[in-house]
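Colleague: Residues per chain, in single letters:
Protein chains: 2
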Amino acid sequence: MSKQPRIAIDAMGGDEGVRVMMAGVALARRRHEGLRFTLFGDESRIKVALDNHPNLRAASEVVHTDQVVEATDKPSVALRKSKNSSMGLAIQAVKAGDAGAAVSAGNTGALMSMAKVALRTMPGIDRPALAALLPTLGSNDVVMLDLGANTECDARNLVQFAVMGGAYARTVLDLARPRVRLLNIGTEDLKGTDEIRDAAATLRGAIALPMDFEGFIEGDKLASGDADVIVCDGFAGNVALKTAEGTARFVTDLLRRAFTSSIRSKIGFLISKPAMHLLRHHLDPNNHNGAVFLGLNGVVVKSHGGADEKGVANAVHVAARLLEEDITRRIAEDLANIGALAPVEMPAK
Amino acid sequence: MSKQPRIAIDAMGGDEGVRVMMAGVALARRRHEGLRFTLFGDESRIKVALDNHPNLRAASEVVHTDQVVEATDKPSVALRKSKNSSMGLAIQAVKAGDAGAAVSAGNTGALMSMAKVALRTMPGIDRPALAALLPTLGSNDVVMLDLGANTECDARNLVQFAVMGGAYARTVLDLARPRVRLLNIGTEDLKGTDEIRDAAATLRGAIALPMDFEGFIEGDKLASGDADVIVCDGFAGNVALKTAEGTARFVTDLLRRAFTSSIRSKIGFLISKPAMHLLRHHLDPNNHNGAVFLGLNGVVVKSHGGADEKGVANAVHVAARLLEEDITRRIAEDLANIGALAPVEMPAK
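Note that the protein sequences, when read in sequence, are chains A and B. Here the first sequence stands for residues 1 to 349, where the numbers follow the UniProt record's numbering. Here the second sequence stands for residues 1 to 349, where the numbers follow the UniProt record's numbering.
Hints should not be assumed to be uniformly reliable.
No copy is singled out in the list; a pair is fine if it fits within one copy or between any two copies.
Stated by the list, open to error - The calculated DSS-like cross-link candidates involving lysine-lysine, where the alpha carbons are at most 30 Å apart (straight line), are:
(1) K191 with K95
(2) K191 with K266
(3) K74 with K95
(4) K266 with K116
(5) K47 with K191
(6) K266 with K81
(7) K191 with K81
(8) K266 with K74
(9) K266 with K47
Don't read these hints as lab results, they were simulated from the structure. These numbers come from a predicted model, not from an experiment.
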């Protein structure tokens, strides 16, 4: 990696267009002074957007392409755009070593497929996982993975996810020894599938890792602050993440209905607007933006399609932190430690 | 089943004690005039509680026992109490045909184990499932199953759960053709596990069933009102249910914090108390109480341990409806229909 870290930006992904992407990247640049960028996409639109952000313009080079991965493209279609689309070029820049990380707000399935094919999984990792930060009532967000990259996982996959999630939490949440838990349907040792119990046995034995494995956690505790990393297969993770999103929306919808159901409540609502603002701020996905594909030879961050400039800035910040802290090397070191510690308990793949 | 339906009540389960159980049963009795009860537990405490409810006393007989299944009893320990505990006797009454349904607010694992051993699964069902009603933004609650009885399920189990959930929705929600969906991590045909895709194929072919199979649903739509029955394995169902509970608590906790963060918000909160009351009413688990073990030779309903008298009344109401509508016969009829329709697509167990 070069002395001046560089991030490849897919300027064309995202529902909000080039303007918001550039505004977000410019915002992140203020937090990471040494960072440089390569911006892939429609050159004329990028340049118009950069007129508002001279600080970013000075730190960027623009690479023009007409081709864009559409939100509706299936992964198979998207893969044919690996060479020339803004998303594909951003990933190729990481593969070639020209950039240390890529950020895109485009089609998730396409990004995952392209990243897997181009960057390949790092040594010691069987499958990459999708990780994200979720809000909690505790003092920091929680890292959750896998959120949908792998529908079914064996114990070995789950152990690797735990190692990757731990490295992510140390890097992005600045925790020396993150508390890691496996998502399960009870906290007793006998609960859950063979895969989960076997993964727990391995993690309990891996005491040299820079993390504390604290057993199982149930779905009602995801946001309680009792864990810094929550590990699960992609099916359970996807169900939990979407259920949490849907329930938060459900409760706030009910609340809005309740507050508009009488004059008295309407007045109460107006008076307590600052409180509602605080609530919205805490639940705003923009404040937790930046899902990461962990386990590849290179950092790839997915920004939410609907993210605003603050959201995009958060995604770029996550990429910058992972790059600065060399997450790939950290994961490799932890895997070496766990391998030496618990070779017997690691079930064969 | 006798002309006068009878429900066996475990009077000792539940965190709130005999008094709340009896108050809840008495409340339910007002809605179901013909219903009779057998109350199992400490006779002297039950009789004291009944002094407040002459309507219930007139419709009940009391069977004394000292033995109680504790909340901390493991299923193996609880099974030894099958013959003499208040929970075990309630189930035995269903087995003997003296009662059509049993209701308990005790230890879920114990209740499930005892019910399975004593009542056995009905013909055509490989495994019973735990079903419950969840609140939605639509015009009725949604039935969700399995919520944790079966950690792993094959396609055949899922199809059977769909049939049982459909019968439950017709009975308790009064829907002629409930809309049934399978929980998945995407709505496209190719998403999910083999088990889920195979179950979908069978259900698509089962057009003679009194339900409409409408494909997949994701976690963010559980409460949207887009489905009347949501089918999944017990792992995903348990994760989704608990995540929804935890997120609802998380959002309302944030809200309380937000509302007490300034004088202005406090005043707003006081003025809009009716709105908060409405919200609480909608989210109150007591209004959706009564999880059911479906697929056994007899009806067993689990009331929430912390339910108040309204919650207990709801659980008894669910038991009464399932009994009045003879859910077991309905499930058997539907299974016969699906078997005749799609024998090839049903994967062997």
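Colleague: If a hint holds in the structure, say so; if it does not, say that too.
Modeller: Okay, the hints, checked on the actual structure:
Proximity of K191 and K95 under a CA criterion of 30 Å is satisfied inter-copy only: 29 Å between copies versus 42 Å inside one chain copy. Proximity of K191 and K266 under a CA criterion of 30 Å is satisfied in neither setting, with 47 Å inside one chain copy and 43 Å between copies. Taking the closest pair of Cα atoms, K74 and K95 come within 30 Å of each other only inside a single copy of the chain (22 Å); across copies the shortest separation is 54 Å, beyond that limit. Taking the shortest Cα distances, K266 and K116 never come within 30 Å of each other, neither inside one copy (51 Å) nor across copies (51 Å).
For the identical chains of this complex, K47 and K191 are neighbours neither inside a copy (56 Å) nor across copies (39 Å), given an alpha-carbon limit of 30 Å. Neither within a single protomer nor between protomers do K266 and K81 lie at most 30 Å apart by alpha-carbon distance, with minima of 51 Å and 55 Å respectively. For a Cα distance limit of 30 Å, the shortest separation of K191 from K81 across copies, 23 Å, qualifies, whereas the shortest one inside one copy, 45 Å, does not. Proximity of K266 and K74 under a CA criterion of 30 Å is satisfied in neither setting, with 46 Å inside one chain copy and 50 Å between copies.
Taking the shortest Cα distances, K266 and K47 never come within 30 Å of each other, neither inside one copy (46 Å) nor across copies (49 Å).
When held up to the earlier numbered hints, the structure conflicts with 2, 4, 5, 6, 8 and 9 and fits the remainder.
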